[in-house]
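Line by line, the protein sequences are chains S and D.
Counted the way the working numbering counts, the first sequence spans residues 2 to 214.
Counted the way the working numbering counts, the second sequence spans residues 4 to 305.
Please note that the accuracy of each hint is not assured.
Away from chain D, derived, C-beta distances all over 12 Å, residues of chain S [as the list claims (entries may be wrong)]: (1) G11; (2) T23; (3) V46; (4) L60; (5) V63; (6) V69; (7) R76; (8) M78; (9) L114; (10) L156; (11) T171; (12) G177; (13) F188; (14) R199; (15) D202; (16) L209.
Per label pair, the in silico range of CB-to-CB distance [unchecked claim]: (17) A53(S) / K245(D): 46 to 56 Å; (18) L44(D) / H120(S): 53 to 63 Å; (19) A125(D) / G164(S): 36 to 46 Å; (20) A174(D) / A102(S): 16 to 26 Å; (21) E119(S) / F10(D): 50 to 60 Å; (22) L137(S) / A64(D): 50 to 60 Å.
To be clear, the hints were calculated from the coordinates, so they are not data collected in a lab.
Beta carbons: idealized from backbone N, C-alpha and C, even for Gly.
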Amino acid sequence: MSGALDLLTGLAMGLSLVALGTSRLPSLIRVAALQGVVLGTMPLVMEHDLRAMVVVVALATVVMKGVVIPVLLRRAMRTANIDRDMDPLIGFLPSLLLGAAGLIGAVLLARWLPLLPEHHESLLVAGSISTVFSGLLLLIGRSKAISQVCGYLILENGIYMFGLLLISSTPLLVEGGILLDLTVAVFVTGIIVDRIQRAFDSLDTRKLTVLRE
Amino acid sequence: MNPALEFVVRLVVWLLLAPLLPGIINRVKAWVAGRRGPPVLQLYYDLARLWRKGVVVSTLASPGFIAGPAVAWVAILGAALLLPLGPLGASPSFRGDVILLVYLLALARFCTAWAAMETGSAFEGMGAAREVSYAVLAEAAIITAVLTLSLQSGSVSLCAMLAPAAGPGAALLAVGLFTVLLAENCRVPFDDPNTHLELTMIHEVMVLDHSGPPLAAVLHGAAMKLLLFSVLLVQAVLPVGKLPAPAAAGVLAAGVLAVGVAIGLVESLLARYAFRRVPLLLTTGFLLCVFALLISWDGGGA
Chain S
2 MSGALDLLTG
12 LAMGLSLVAL
22 GTSRLPSLIR
32 VAALQGVVLG
42 TMPLVMEHDL
52 RAMVVVVALA
62 TVVMKGVVIP
72 VLLRRAMRTA
82 NIDRDMDPLI
92 GFLPSLLLGA
102 AGLIGAVLLA
112 RWLPLLPEHH
122 ESLLVAGSIS
132 TVFSGLLLLI
142 GRSKAISQVC
152 GYLILENGIY
162 MFGLLLISST
172 PLLVEGGILL
182 DLTVAVFVTG
192 IIVDRIQRAF
202 DSLDTRKLTV
212 LRE
Chain D
4 MNPALEFVVR
14 LVVWLLLAPL
24 LPGIINRVKA
34 WVAGRRGPPV
44 LQLYYDLARL
54 WRKGVVVSTL
64 ASPGFIAGPA
74 VAWVAILGAA
84 LLLPLGPLGA
94 SPSFRGDVIL
104 LVYLLALARF
114 CTAWAAMETG
124 SAFEGMGAAR
134 EVSYAVLAEA
144 AIITAVLTLS
154 LQSGSVSLCA
164 MLAPAAGPGA
174 ALLAVGLFTV
184 LLAENCRVPF
194 DDPNTHLELT
204 MIHEVMVLDH
214 SGPPLAAVLH
224 GAAMKLLLFS
234 VLLVQAVLPV
244 GKLPAPAAAG
254 VLAAGVLAVG
264 VAIGLVESLL
274 ARYAFRRVPL
284 LLTTGFLLCV
294 FALLISWDGG
304 GA
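So that you can see chain S by itself, here it is in the shape it has in the complex (with noise of 0.2 Å):
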């Protein structure tokens, strides 16, 4: 049981770190994506039992993370009709050695903190706590709106993880509003993508800060 969610944690941390290594934005969408996806398998693993509950949580998280929110941002992508290479502010080296640097200190960081026995020999704070610290890595270091989107499931996914050690004290509702607020958020991004192509003609956030008439 342990051993293959510590599997799926491990292939999150994975896929953060390659999340900061691609250069290109349809690649860092599918690999939101597929994190997401691990991240909505996990509740199936983890319970002994599983509850209804359990199943809908995870067939939503896959359904959303994995089919909704990459759709809405590959859509984003075509109207903005942005070129797909990122530039970053951090560079794609720096933030791949940032980001293993960031899972190792999370490893540190786990062992360390005062945690209930039954969770001590999981990966899964560490994994959150790593993917947390590579999805704000993400939100930093790239200066292309739809990139920072994806830097914050990124993020968000960390969180989902987190939230996983509760699962089964956490009402339905909860991870219910989570994962709506999620969507309409990328989904309003989406449209705030293609105003700010509109009006500056680049998804370069760094141009929002100048004023213009």
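With the hints as your guide, set chain D onto chain S.
This is chain D only, laid out in the frame that chain S set:
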């Protein structure tokens, strides 16, 4: 068996089998592309042809131009002999021989770069610079992989290090070592062994002015290095050393064949990476080895 006789047999096996692997890779590439392809033994024919030819030496070049490939070839052969072959062990085996292996490979690279600079061509100097700058990253990865293996086994001798499987980090270590293998042997995502386009070459640039027997030594040395890395990869991942001798030989041969097929598939399915992306890929390989190291550290501590 008599140790001297065994040593000679090993030497002959390494020398004779090495040019087979590039032939297999080319065969796989031809099969994927739907071509008939060169025969598997093509490199043997090439080596025989080059051996009969004369050498053209630039008036600028010092004797180092000929000595470089020769020393590199001997260094690679020495490194290959240090590598144990499953339960048979290595013929010269001592404590810390893994460090000698890493340094012999570095010596071979230095001599190839030196011979390239001897020609006085700016073009070859460029190739040498590229080769050496990528080697910095590749060597960091291979030293991390060696550190992982030695931490797992608590030993610094290749025979003891390679005997147990790499444990939970085996998959990470395998992918990391495979990346290093591709980079060190100038295979496709890093360099294209077939290209002769000036601006994209790395390794091929350095050997452009060599001809005749020195070029044969360079080609044969490259084939031996490829075989060496494949054998190292297979033994680092599979517990070959614990099997009885005939089974171990079979597993080793099958493993090396699988590595050859994997290289052929990578070369057929991937495009060469742009130069600025190469350090990123090599760093990924390095990080995979670092994570394997962390896992083995964790396992050892717990």
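Now the hints, each set against the structure:
At roughly 9 Å, the least C-beta separation between G11(S) and chain D is not larger than 12 Å, which violates its mark as non-interface. A beta-carbon of chain D is positioned within 12 Å of the beta-carbon of T23(S); the least distance is around 9 Å. Here V46(S) stays apart from chain D, with its beta-carbon at least about 18 Å from theirs, past the 12 Å limit. Every beta carbon of chain D lies more than 12 Å from that of L60(S), the smallest distance being close to 29 Å; the non-interface claim holds.
Distance to chain D confirms V63(S) as a non-interface residue, since its nearest Cβ pair spans about 25 Å, more than 12 Å. Even its closest Cβ contact with chain D, about 30 Å, leaves V69(S) beyond 12 Å, as expected for a residue assigned away from the interface. With a minimum CB-CB distance of about 28 Å to chain D, R76(S) clears the 12 Å threshold, and the non-interface call stands. No beta-carbon of chain D comes within 12 Å of the beta-carbon of M78(S); the shortest separation is about 22 Å.
Distance check on L114(S): its Cβ is at least 16 Å (rounded) from any Cβ of chain D, clearing the 12 Å threshold; non-interface status holds. Here L156(S) stays apart from chain D, with its beta-carbon at least about 21 Å from theirs, past the 12 Å limit. At roughly 30 Å, the least C-beta separation between T171(S) and chain D is larger than 12 Å, which holds for a residue marked as non-interface. Annotated as non-interface, G177(S) keeps its C-beta farther than 12 Å from every C-beta of chain D; the closest such distance is 35 Å.
The non-interface label for F188(S) is consistent with chain D: the shortest C-beta to C-beta separation is roughly 33 Å, beyond 12 Å. No beta-carbon of chain D is positioned within 12 Å of the beta-carbon of R199(S); the least distance is around 32 Å. Every C-beta of chain D lies more than 12 Å from that of D202(S), the closest at about 27 Å, which supports listing it as non-interface. At roughly 28 Å, the least C-beta separation between L209(S) and chain D is larger than 12 Å, which holds for a residue marked as non-interface.
In this structure the hint that A53(S) and K245(D) lie 46 to 56 Å apart at CB holds, the actual value being about 48 Å. Checking the proposed 53 to 63 Å range against L44(D) and H120(S) shows it holds: the Cβ atoms sit about 59 Å from each other. Under the hint 36 to 46 Å, the C-beta atoms of A125(D) and G164(S), about 59 Å apart, miss the expected range. Checked against the hint of 16 to 26 Å, the pair A174(D) and A102(S) passes, with Cβ atoms roughly 22 Å apart.
Between E119(S) and F10(D) the C-beta distance comes to about 56 Å, which sits within the given range of 50 to 60 Å. Between L137(S) and A64(D) the beta carbons are some 55 Å apart, a value that agrees with the proposed interval 50 to 60 Å.
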